[in-house]
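What follows is each chain in one-letter form.
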Amino acid sequence: GAGVSQSPSNKVTEKGKDVELRCDPISGHTALYWYRQRLGQGLEFLIYFQGNSAPDKSGLPSDRFSAERTGESVSTLTIQRTQQEDSAVYLCASSSNPGLPYEQYFGPGTRLTVT
Amino acid sequence: AQKITQTQPGMFVQEKEAVTLDCTYDTSDQSYGLFWYKQPSSGEMIFLIYQGSYDEQNATEGRYSLNFQKARKSANLVISASQLGDSAMYFCAMREGQNYGQNFVFGPGTRLSVLP
Numbered sequence: 001g002a003g004v005s006q007s008p009s010n011k012v013t014e015k016g017k018d019v020e021l022r023c024d025p026i027s028g029h030t031a032l033y034w035y036r037q038r039l040g041q042g043l044e045f046l047i048y049f050q051g052n053s054a055p056d057k058s059g060l061p062s063d064r065f066s067a068e069r070t071g072e073s074v075s076t077l078t079i080q081r082t083q084q085e086d087s088a089v090y091l092c093a094s095s096s097n098p099g100l101p102y103e104q105y106f107g108p109g110t111r112l113t114v115t
Numbered sequence: 001a002q003k004i005t006q007t008q009p010g011m012f013v014q015e016k017e018a019v020t021l022d023c024t025y026d027t028s029d030q031s032y033g034l035f036w037y038k039q040p041s042s043g044e045m046i047f048l049i050y051q052g053s054y055d056e057q058n059a060t061e062g063r064y065s066l067n068f069q070k071a072r073k074s075a076n077l078v079i080s081a082s083q084l085g086d087s088a089m090y091f092c093a094m095r096e097g098q099n100y101g102q103n104f105v106f107g108p109g110t111r112l113s114v115l116p
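Chains A and B supply the protein sequences, listed in that same order. Oh and the first sequence: position 88 is 88 in the working numbering, straight run, nothing missing. Oh and the second sequence: position 100 is 100 in the working numbering, straight run, nothing missing.
Don't read these hints as lab results, they were simulated from the structure. Cβ coordinates follow ideal geometry from the N, Cα and C atoms, glycine included. Treat each hint with caution, since some may be false.
Quick list of the computed label-pair ranges, beta carbon to beta carbon [claimed, not checked]: (1) B:E15 with A:V74: 39 to 45 angstroms; (2) A:N52 with B:Q30: 27 to 33 angstroms; (3) A:V74 with B:Q30: 33 to 39 angstroms; (4) B:N67 with A:G16: 47 to 53 angstroms; (5) B:M11 with A:L39: 17 to 23 angstroms; (6) A:V12 with B:T7: 33 to 39 angstroms; (7) A:Q80 with B:Q30: 39 to 45 angstroms; (8) A:Q84 with B:Q8: 27 to 33 angstroms; (9) A:S53 with B:E61: 29 to 35 angstroms; (10) A:T113 with B:A71: 43 to 49 angstroms.
With a straight-line cut-off of 30 angstroms between C-alpha atoms, the simulated DSSO-like cross-links for lysine-lysine are [claimed, not checked]: (11) B:K3 with B:K73; (12) B:K3 with A:K57; (13) B:K70 with B:K16; (14) A:K57 with A:K17; (15) B:K73 with A:K57; (16) A:K15 with A:K57.
I would like the entire structure built from these sequences, with the hints used as guidance.
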């Protein structure tokens, strides 16, 4: 079946503008994660959704970052008033629940460049 | 403190040789899972292998095996018979406890280059 998809694949925006990134998880996956990956670095956890539970927002770096998810479907990550340090690849992953090993399936990412 | 340490920023291996990528972890949980992901230059993250903390045998998946040494808190990835297509970034990750979310952490990665 289809994997995790993300759009846009690339986004160039001016400093101060708002951006919205979209993630479509694998159908039936109840868990959805957002990560940020700066150039040459590892993955930085941002936010996690699990079914209808309250999301774990503990990784969001500032109040300019927010994310929503409708049920167990699409999620959007919004960055307001973008800054140059927001430039990174934003990766979305989904996972089925429950059942080990809870491995995550990743989307191709959105490369965000803030000029 | 770093939860996941990968001490090799870059590694080289000759095609058809075996290579070991190091990973050490830090947790006080008894129940946890260890993962390895591959990230080629195209950017997608590919799940390779999983080891549960209670698994008594080392995990294997094709040419990948995980050398799990619980007392040393290490979970090294061994790739046998390296292929040119193995050139990529490799990330070690850990899920602590039975929960998701921020308890799923990634190491900084090791860039593997396979030489012809």
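Evaluation of the provided hints:
| no. | hint | in the structure |
| --- | --- | --- |
| 1 | B:E15 with A:V74: 39 to 45 angstroms | holds (42 angstroms) |
| 2 | A:N52 with B:Q30: 27 to 33 angstroms | holds (29 angstroms) |
| 3 | A:V74 with B:Q30: 33 to 39 angstroms | holds (36 angstroms) |
| 4 | B:N67 with A:G16: 47 to 53 angstroms | holds (49 angstroms) |
| 5 | B:M11 with A:L39: 17 to 23 angstroms | holds (20 angstroms) |
| 6 | A:V12 with B:T7: 33 to 39 angstroms | holds (36 angstroms) |
| 7 | A:Q80 with B:Q30: 39 to 45 angstroms | holds (41 angstroms) |
| 8 | A:Q84 with B:Q8: 27 to 33 angstroms | holds (30 angstroms) |
| 9 | A:S53 with B:E61: 29 to 35 angstroms | holds (31 angstroms) |
| 10 | A:T113 with B:A71: 43 to 49 angstroms | holds (45 angstroms) |
| 11 | B:K3 with B:K73 | holds (11 angstroms) |
| 12 | B:K3 with A:K57 | holds (20 angstroms) |
| 13 | B:K70 with B:K16 | holds (29 angstroms) |
| 14 | A:K57 with A:K17 | holds (22 angstroms) |
| 15 | B:K73 with A:K57 | holds (29 angstroms) |
| 16 | A:K15 with A:K57 | holds (24 angstroms) |
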